[in-house]
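**Student:** What follows is the residue order along each chain.
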Amino acid sequence: MDTLNLLASGFAVALTPTTLMLAVAGCIIGTMVGALPGLGPSNGVAILIPLAFSFGLDATEALILMTSVYYGAMYGGRISSILLNIPGDEPALMTTLDGYPMAKAGRASDALVLSGVASFVGATFATIGLMLLAPLLARVAYLFGPAEYFALYLLAFSTLGGIASNNQRKAALASCIGLAIAMIGLDNSTGMARFTGGNLHLLDGVDFLVAIVGLFAVSEVFVFIESHGKSTAIGVKIDKITIPFRDIARTSGTMLRSSVIGFVAGILPGAGASLGSFLAYMGEKAWVRDKSMFGKGDARGIAAPEAGNNAAAGGALVPMLTLGVPGSGTTAVLLALLMTLNITPGPLLFTERPDVVWGLIAALLIANVVLLVLNVPMVRIFVKVLSVPPWILLPGVTMVSFVGIYSLSGSYFDLVLMILFGLLGWFLRKLDVPTVPIILGILLGNAMEDNLRRAMTLSGGEWTYLFSSKIAIGFWIAAVLGFLAPILLSRVITKPKGHVEPVGEGTASMDSTPSPDDGTGARGRDSDGP
Amino acid sequence: MSDRLFGLVVVIASVAYIGSALQIQTSFMVDPVGPKTFPILVGSIGGLCALLVMIKPDPEKHWPDGRTWVSLAVALTVLIAYAYALKPLGFLIPTALAAGILSWQISPRIVPAILTGLGLSGGLFLIFKFVLGLSLFAVPRGWLG
Numbered sequence: 001m002d003t004l005n006l007l008a009s010g011f012a013v014a015l016t017p018t019t020l021m022l023a024v025a026g027c028i029i030g031t032m033v034g035a036l037p038g039l040g041p042s043n044g045v046a047i048l049i050p051l052a053f054s055f056g057l058d059a060t061e062a063l064i065l066m067t068s069v070y071y072g073a074m075y076g077g078r079i080s081s082i083l084l085n086i087p088g089d090e091p092a093l094m095t096t097l098d099g100y101p102m103a104k105a106g107r108a109s110d111a112l113v114l115s116g117v118a119s120f121v122g123a124t125f126a127t128i129g130l131m132l133l134a135p136l137l138a139r140v141a142y143l144f145g146p147a148e149y150f151a152l153y154l155l156a157f158s159t160l161g162g163i164a165s166n167n168q169r170k171a172a173l174a175s176c177i178g179l180a181i182a183m184i185g186l187d188n189s190t191g192m193a194r195f196t197g198g199n200l201h202l203l204d205g206v207d208f209l210v211a212i213v214g215l216f217a218v219s220e221v222f223v224f225i226e227s228h229g230k231s232t233a234i235g236v237k238i239d240k241i242t243i244p245f246r247d248i249a250r251t252s253g254t255m256l257r258s259s260v261i262g263f264v265a266g267i268l269p270g271a272g273a274s275l276g277s278f279l280a281y282m283g284e285k286a287w288v289r290d291k292s293m294f295g296k297g298d299a300r301g302i303a304a305p306e307a308g309n310n311a312a313a314g315g316a317l318v319p320m321l322t323l324g325v326p327g328s329g330t331t332a333v334l335l336a337l338l339m340t341l342n343i344t345p346g347p348l349l350f351t352e353r354p355d356v357v358w359g360l361i362a363a364l365l366i367a368n369v370v371l372l373v374l375n376v377p378m379v380r381i382f383v384k385v386l387s388v389p390p391w392i393l394l395p396g397v398t399m400v401s402f403v404g405i406y407s408l409s410g411s412y413f414d415l416v417l418m419i420l421f422g423l424l425g426w427f428l429r430k431l432d433v434p435t436v437p438i439i440l441g442i443l444l445g446n447a448m449e450d451n452l453r454r455a456m457t458l459s460g461g462e463w464t465y466l467f468s469s470k471i472a473i474g475f476w477i478a479a480v481l482g483f484l485a486p487i488l489l490s491r492v493i494t495k496p497k498g499h500v501e502p503v504g505e506g507t508a509s510m511d512s513t514p515s516p517d518d519g520t521g522a523r524g525r526d527s528d529g530p
Numbered sequence: 531m532s533d534r535l536f537g538l539v540v541v542i543a544s545v546a547y548i549g550s551a552l553q554i555q556t557s558f559m560v561d562p563v564g565p566k567t568f569p570i571l572v573g574s575i576g577g578l579c580a581l582l583v584m585i586k587p588d589p590e591k592h593w594p595d596g597r598t599w600v601s602l603a604v605a606l607t608v609l610i611a612y613a614y615a616l617k618p619l620g621f622l623i624p625t626a627l628a629a630g631i632l633s634w635q636i637s638p639r640i641v642p643a644i645l646t647g648l649g650l651s652g653g654l655f656l657i658f659k660f661v662l663g664l665s666l667f668a669v670p671r672g673w674l675g
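Respectively, the protein sequence lines represent chains W and D.
Note that the first sequence covers residues 1 to 530 in my numbering.
Note that the second sequence covers residues 531 to 675 in my numbering.
Errors might be hidden in some of the hints.
Unchecked claim - Distance condition first, Cα-Cα at most 25 Å in a straight line; then the derived BS3-like pairs of lysine-lysine:
1) D/Lys591 with W/Lys430
2) W/Lys430 with D/Lys586
3) W/Lys296 with W/Lys240
4) W/Lys104 with W/Lys291
5) D/Lys659 with D/Lys617
6) W/Lys296 with W/Lys285
As the list claims (entries may be wrong) - According to the in silico footprint, chain W covers these stretches of chain D (three or more CB under 8 Å from chain W):
7) 540-550
8) 578-586
9) 590-596
10) 605-617
11) 626-633
12) 653-662
The set of hints was computed from the structure by calculation and includes no laboratory data.
From the three backbone atoms N, C-alpha and C, an ideal C-beta is built for every residue, glycine too.
Same shape as in the complex, but just chain W (with noise of 0.2 Å):
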């Protein structure tokens, strides 16, 4: 089995201490970032991704660490949702429906415990899904010219817009303004400056990773300072953790349900874990005769949604390996950190770098086995960090923040653009408008006028060629009905209220409703999910 030698190759690479210890440490943190209402995934990624140069990580080592930062945060939202009823993240927000009413009926232990597992088996069944289904879709994506990538460009554009906003009017124009950031620079083929109105510091381009830490970790300080953080510290104590062996066995067909559903649902461009915990835990509730205990703790709706979230996870690595898209905020960041490491995702990554893809398959298998350690037996550790007041915790991740850009370009320009990136961040959560489509726009902007540019070569110039193949039409169907469809959909389906405003990946905010304390809480942060 050639999957099986490659695997093997990729235990090889995971298993050396370095990367070991990393990946231990890359757990750790992960959960507290995910469990940490006001850091989330994307922004808890992006501000260690500055640090991660600086340590001299290699491409690798740093991919490895930061997938584990990733994978670590989609286990610790839970935490939070279930003993504060605040999610610890975007996608952790339907857990909140069924874990806290099962902690506040005295089983919070048990919550916290059957998501544990539940979240480890939707992690591993998207990390095997990930490893068979890459390389083929790997070796599908060698057919795509550029007139198809520019057709999944607008595709991942368009269904992005559609979940992480219920205004599509609003998703496009954010889309736009990252289209337009990635412009300001030196033109690739011609050498030309553009939008850079004489400034020297711009011929560059804007730095995504400026732009990233800007608008998803300064802009928290300024929601924070809005909403005199409301403090999330609440005396929280676990007395004892017990394995709840009866709800474990009754939910592993759920837990089984929701990971291939969450899979799935990760693997949608532009999509992600929100959209993974989402219909899982309205799948479950579909299949499922008896309903009543929904919404009131029910077991399977705890393992529903994060057996969901996170098998999403892991799906939204494929594309984004794969194809070079991000299927959401967090994965947009890591795409960020590939591309800043010179590696090229793609079906390229696949046959030159093997030691890359491989190596971190093993890692994330490795990871998961570390995570259910942690968020099961340990899991009180994690309890103790919900009671980080928010004004310890805002200053720290500012001058983190400040440190690792400073320490990736020494300017005072690129902290200046850092700042400014955070108040427009501020700004447009407050006007509802979505920030991650603007950081993917960012990442994918240059690709994607690449791609145009060069289909149009191929052509001379003879616009129909970019609707000239079976797969380029079938983009361009999809991408269209990805953009229309929610805005179609939200006249039969009301989207689920949360009944706590959205902490966390924010912008990707299902519940962008708009209730009474959207002005002080809008706390979401963008993203992520993954």
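Starting from the known structure of chain W, arrange chain D on it as the hints suggest.
**Tutor:** Structure of chain D alone, referenced to chain W:
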């Protein structure tokens, strides 16, 4: 109202963006698309979306009150000052001040804010310097002679 204003700002910005795209110099080796088309396309779509936002705005947002605006302005000033102070003044002093002031803006209690500033400044310095090995200066370089 805020959506209409925001839409107007973006419409103006996209017109300016398209105008600026038209000024881009083309070189002799030009492909059929050239460096102008894509930005113009992006600017037009963006402007169109902004127009739609103006025509059909969302319900009015809840904007902060005057005191909160002051807090936000203070935070912005502190962050920009911090960006410029980090290099000449070293890590410890600007970080303690900036972290303390930010903490105070989030939760207006003076003693915890001071402790947060001092703690973060010292703690992060140790982590950055000795765990991550970043080359940071603790204090202004002049003090070291």
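**Student:** All hints are to be evaluated individually against the structure, with a verdict given for each.
**Tutor:** Evaluation of the provided hints:
no.: 1; hint: D/Lys591 with W/Lys430; in the structure: holds (7 Å)
no.: 2; hint: W/Lys430 with D/Lys586; in the structure: holds (17 Å)
no.: 3; hint: W/Lys296 with W/Lys240; in the structure: holds (23 Å)
no.: 4; hint: W/Lys104 with W/Lys291; in the structure: holds (20 Å)
no.: 5; hint: D/Lys659 with D/Lys617; in the structure: holds (15 Å)
no.: 6; hint: W/Lys296 with W/Lys285; in the structure: holds (13 Å)
no.: 7; hint: 540-550; in the structure: holds (count 4)
no.: 8; hint: 578-586; in the structure: holds (count 5)
no.: 9; hint: 590-596; in the structure: holds (count 4)
no.: 10; hint: 605-617; in the structure: holds (count 9)
no.: 11; hint: 626-633; in the structure: holds (count 5)
no.: 12; hint: 653-662; in the structure: holds (count 3)
Consistency note: the structure conflicts with none of the earlier hints.
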